[in-house]
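Colleague: Residue numbers (numbering that gives the first Met the number 0), protein chains in the order written: chain H, 0 to 358; chain W, 0 to 342.
If you are wondering where the hints come from, they were derived from the structure by calculation, not from laboratory data. Among the hints, a few may not be true.
Unchecked claim - Derived EDC-like pairs (lysine to aspartate or glutamate); straight-line CA-CA distance at most 16 Å:
1. H:Lys265 / W:Glu288
2. H:Lys265 / W:Glu292
3. W:Lys247 / H:Asp44
Claimed, not checked - Pair ranges (Cβ atoms, derived):
4. W:Asn214 / H:Lys265: 25 to 35 Å
5. W:Asn146 / H:Gln198: 20 to 30 Å
6. W:Asn332 / H:Glu94: 46 to 56 Å
7. H:Pro146 / W:Ser259: 50 to 60 Å
8. W:Leu307 / H:Asn168: 41 to 51 Å
9. W:Ser316 / H:Asp252: 23 to 33 Å
10. W:Asn236 / H:Leu100: 47 to 57 Å
11. W:Leu134 / H:Asn116: 28 to 38 Å
12. W:Ser259 / H:Thr42: 22 to 32 Å
13. W:Lys247 / H:Pro357: 29 to 39 Å
14. W:Ser316 / H:Leu253: 24 to 34 Å
From the three backbone atoms N, C-alpha and C, an ideal C-beta is built for every residue, glycine too.
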Amino acid sequence: MNKILASSMIIIVLSIFYACNPDENPAVFDNTPYKIEYNGLPTPDLPSDNVITVEGVTLGRMLFYEKMLSKNSIQSCATCHVQIDGFSDKNQFSEGVEKKLGGRQAMPVFNMAWHQNGFFWDGRAASLREQSLKPIQDPLEMNETLPNMIAKLQASNQYKDQFIRAFANGQINEKNVSLALEQFMFTIISNNSKYDRVQAGKEQFSASEERGKNLFFTEFDPSGKVKGAECFHCHSGPNFTNDDYFNNGLDSDLEMKDDGRMKVTKNSLDKAKFLTPSLRNIALTGPYMHDGRFKTIEEVINHYNQNVKKSSTVDVLMQYNLQAGGLGLSSADVADLKAFLLTLSDETLKSNPAFSDPN
Amino acid sequence: MFIRYNSKFSIFNYIVISILLCNSCNKDEEGIKYDYSHFIPSHFPIPISNPDSIPTEAQFTLGKKLFFDPVLSRDGSLSCASCHKPSLAFADTVSVSAGVEGRLGNRNSPSLGNVVYQKKLLKEGGLPTLEMQVLVPIQEHAEFDNNIVEISDKLMTIPKYVEMSQAAYKRDPDPYVITRAISAFERTLFSGDSKYDQFLNGRTKLTAIEEQGLNLFMSNKTNCSNCHSGFLLTNQNIENNGLYSVYKDIGAMRLTQNPSDEGKFKIPSLRNIALTYPYMHDGSLKTLEEVIEHYNSGGSNHKNKNTLIKPLNLSQSEIEALVAFLSTLTDYNFITNKNYQNE
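If we strip away everything but chain W, and leave its shape as in the complex, we get:
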């Protein structure tokens, strides 16, 4: 019997899970990961993950405190949540979020919803784990412009952090703890209670226009669901979607130096997409209508553009239907869940 993931989801679950986990861990190889089913949406797969990364309550609480604490930035001015706002499904409203001293990078802040399922992190998919990803904004000049060793030194002087760190990991708040705890919190950010999910679970019906949009989305006419597939509405591939003919940000080529990777970025999940505007790797498209218009036009010419991106000849009413469907992907219980808010 599954406990359904919804707004009732509480710290209590973590305590239960933690206790179960400890037992499971001791039992060694048997059924360790299944405890996830208590707090993940019932129709989502069990994330395949190292058992160590399944958070205990103490780890979750520490990670959450760090996530919302400006202590991570060099001048104490901003936290992870500054650019990953719970009310926006942990994304930001600006095209490019400003870091310390108002410095601008060149990419749009992604939603952290269901990040546990991401196989590769960052827009070019260069990092395999959340723990490694945590280091990136900490060190980026245009983000926290800080150093995890210095953060660690600072946390060591704060008794509350030392106490919480000991409780969670049996060690002081060193870089190991900081990266693990923040990742632990982020791994709990499940979002699977949108109207679309309720529809899939037979709890609600879509309106006619939403259903028309869903059918268009899944159809060969649009091919949206070729890339935005599966329960996350992404196949997690790295692709060029023809946004530009010349890319200022070369995307995956930054890592590989291979021209065939120019302008390729990770396909994002469309969950909560109505909240995570603006769109594209650089936040250059402001509305869902603009995004659909981009795909409807077939995009700009680029040698790496995915062959599925071609003019779609969608009518205005079809565009409206697609927007209506995409708007059903908003999970209001996720953005109001008290467990994920700063206290």
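Looking at chain H on its own, in the form it has when it is part of the complex:
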């Protein structure tokens, strides 16, 4: 009798429990850290006020692929930052929700954790979290207001739960959206190119790649004894960028159409200066330059070889490029440089399921 009573009680209690909690796993805050393998890359200085967690990254990834972030819910971040293209856009200028074109080439999104000197071509966002909200509001891009975006997310049970899992305060607000996007973007690491494997001693460069590497890392020699392409002065460090703003001689003063860094600093010395981009995955991330004017790597190399233009802000590093004859690279040199640049492609970035659309 007692046994029957006890069993009934258990069944009743369980029924009540289920009735009140239709979700078998009620959402709770979970701050389990997300592990990132840097493999050969230095450990970056990440912001201490946004610890990367498994749930935060899950949320950030959902948001990165979430079309509700745009007006009319037709575009997500991933529309213009396409994984198979190294999280960049194959189009010279990306088309926004209003069918209008942006003014600059979409920058690839990987290894963001090492950027310490501003985001976007002109560095107008000081942090990645600040960056994350700008394309959402840009009339040429996603053209959505932050209050609208928040309202749409708040109407979703899926997001309600995920914000609770990701943040102690569980709130669906602008700040948490930006923090989650920052977390996810920090996890998009690219460190498995042939170059990385050669550095780790697992593979070897071909003869052409090796020659290209030497050209890349060698100073121009005015005496002509050694050939050097000078690339390394700006494309330096583990991510092939010195994380700073330069005028690389694309235009003369008269031809300049984009003030670049000057828009942010208001200093005329910064006119037409743009952030040195990483050269990792360069074969995936064309077209090239802030305005996507070059379609191929050869065009880029030819620019530096013999087409650099003098202007009031062109960098002193272009001193040899500006001389008559430029760097004097032969077509074989250009081919070798390209061969080396192709070793910077990380094929696993294109297909890594951790970075793909979760839906």
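Dock chain W against the given chain H, drawing on the hints supplied.
Modeller: For chain W alone, coordinates are given in the frame of chain H:
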């Protein structure tokens, strides 16, 4: 009678000096160092230096060849001049210059102008002589990543270097020669013919705004000249200027392990300052305006911050005047001097 230092300064002077020096040396203790006055700016002091380090023409020529020769780097990809560009008063345009294979250190390349007067070398002032300093970029992983013994072995196989080394030091191009010759060249990098120098020598006038900037610079309102004092515009002390509240690069504390040295770096000369951007030990400030804004704000809080660094309440026009004055410190004859260019 002084021969004024200017663009006419030539190898001929070295020959004259060398001859004079040899005579002086033989005369032992009399008046050896005064021969410097032939090629240093007339209003600069005579550098107090070991007579042996006063370069002969052969030593200068060898040092200059080495300075511009990528043979010093492990893979033959870059030379001293890669990061100390003559056109930038022997500094670099990037915050941190890349070494072999594009490796990055964490400090900005300093100007070598008037380096003969530096009492201590490197940003934390850890080295007393240029000869010792030469070894640092040669060995640094993120610079030449090389070894002076291996460089020496390589130079021994190059007849031109053996010949020049014998002519300059009566010995083969060994580490002794390499460090001395490069230092010898660097010691000749006098820069004292800026508009400000011409003004001091009564050869030109400053504009109203430049003069306003000079007066502000020297005033108690800014206290710039408390640290940036003397003919080099530095007192060469090691100080914390409040750039950060937390330093990634701990500066002089790296040497002393003393927390009271945290974030302290050598005060740089302001000569050619408009050419030697970006600024600060890490090249984090890009323009003179940003630098002045840093000092105007009083900087970040740090226990070691020099007490002179405090909010200055400078107006926009005062900042512009300071920039105008600082721009008069550029010595165009220095950066175009053929003696200092790669041939």
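Colleague: Return holds or violated for the Cβ distance of Ser316 (chain W) and Asp252 (chain H) against the range 23 to 33 Å.
Modeller: With a Cβ separation near 27 Å, Ser316 (chain W) and Asp252 (chain H) satisfy 23 to 33 Å, so the hint holds.
Colleague: Indicate whether the distance between the beta carbons of Lys247 (chain W) and Pro357 (chain H) respects the range 29 to 39 Å.
Modeller: Holds: the Cβ-Cβ distance is about 36 Å, inside 29 to 39 Å.
Colleague: Between Pro146 (chain H) and Ser259 (chain W), is the Cβ distance one that fits in 50 to 60 Å?
Modeller: With Cβ atoms ~51 Å apart, the hint holds.
Colleague: So does Ser259 (chain W) sit 22 to 32 Å from Thr42 (chain H), Cβ to Cβ?
Modeller: holds (29 Å)
Colleague: Measuring from beta carbon to beta carbon, are Leu134 (chain W) and Asn116 (chain H) in 28 to 38 Å?
Modeller: With Cβ atoms ~31 Å apart, the hint holds.
Colleague: Quick one: are Leu307 (chain W) and Asn168 (chain H) within 41 to 51 Å, going by C-beta?
Modeller: Holds: the Cβ-Cβ distance is about 44 Å, inside 41 to 51 Å.
Colleague: Confirm or reject the claim that Asn236 (chain W) and Leu100 (chain H) have a C-beta distance inside 47 to 57 Å.
Modeller: With a Cβ separation near 55 Å, Asn236 (chain W) and Leu100 (chain H) satisfy 47 to 57 Å, so the hint holds.
Colleague: With 46 to 56 Å as the target window, see if Asn332 (chain W) and Glu94 (chain H) comply at their CB atoms.
Modeller: Taking Cβ atoms as reference, Asn332 (chain W) and Glu94 (chain H) lie about 54 Å apart, which means the hint holds.
Colleague: If I claimed the Cβ atoms of Asn146 (chain W) and Gln198 (chain H) lie 20 to 30 Å apart, would that claim hold in this structure?
Modeller: holds (21 Å)
Colleague: Assess, step by step, whether the Cα of Lys247 (chain W) is no farther than 16 Å from the Cα of Asp44 (chain H), and give holds or violated.
Modeller: At roughly 10 Å apart (the allowed maximum being 16 Å), Asp44 (chain H) and Lys247 (chain W) satisfy the hint.
Colleague: Take the C-alpha atoms of Lys265 (chain H) and Glu292 (chain W), compute the straight-line distance between them, and say whether it is at most 16 Å.
Modeller: holds (14 Å)
Colleague: If you check the beta carbons of Ser316 (chain W) and Leu253 (chain H), does the distance land in 24 to 34 Å?
Modeller: holds (31 Å)
No hint from the list above goes unmet by this structure.
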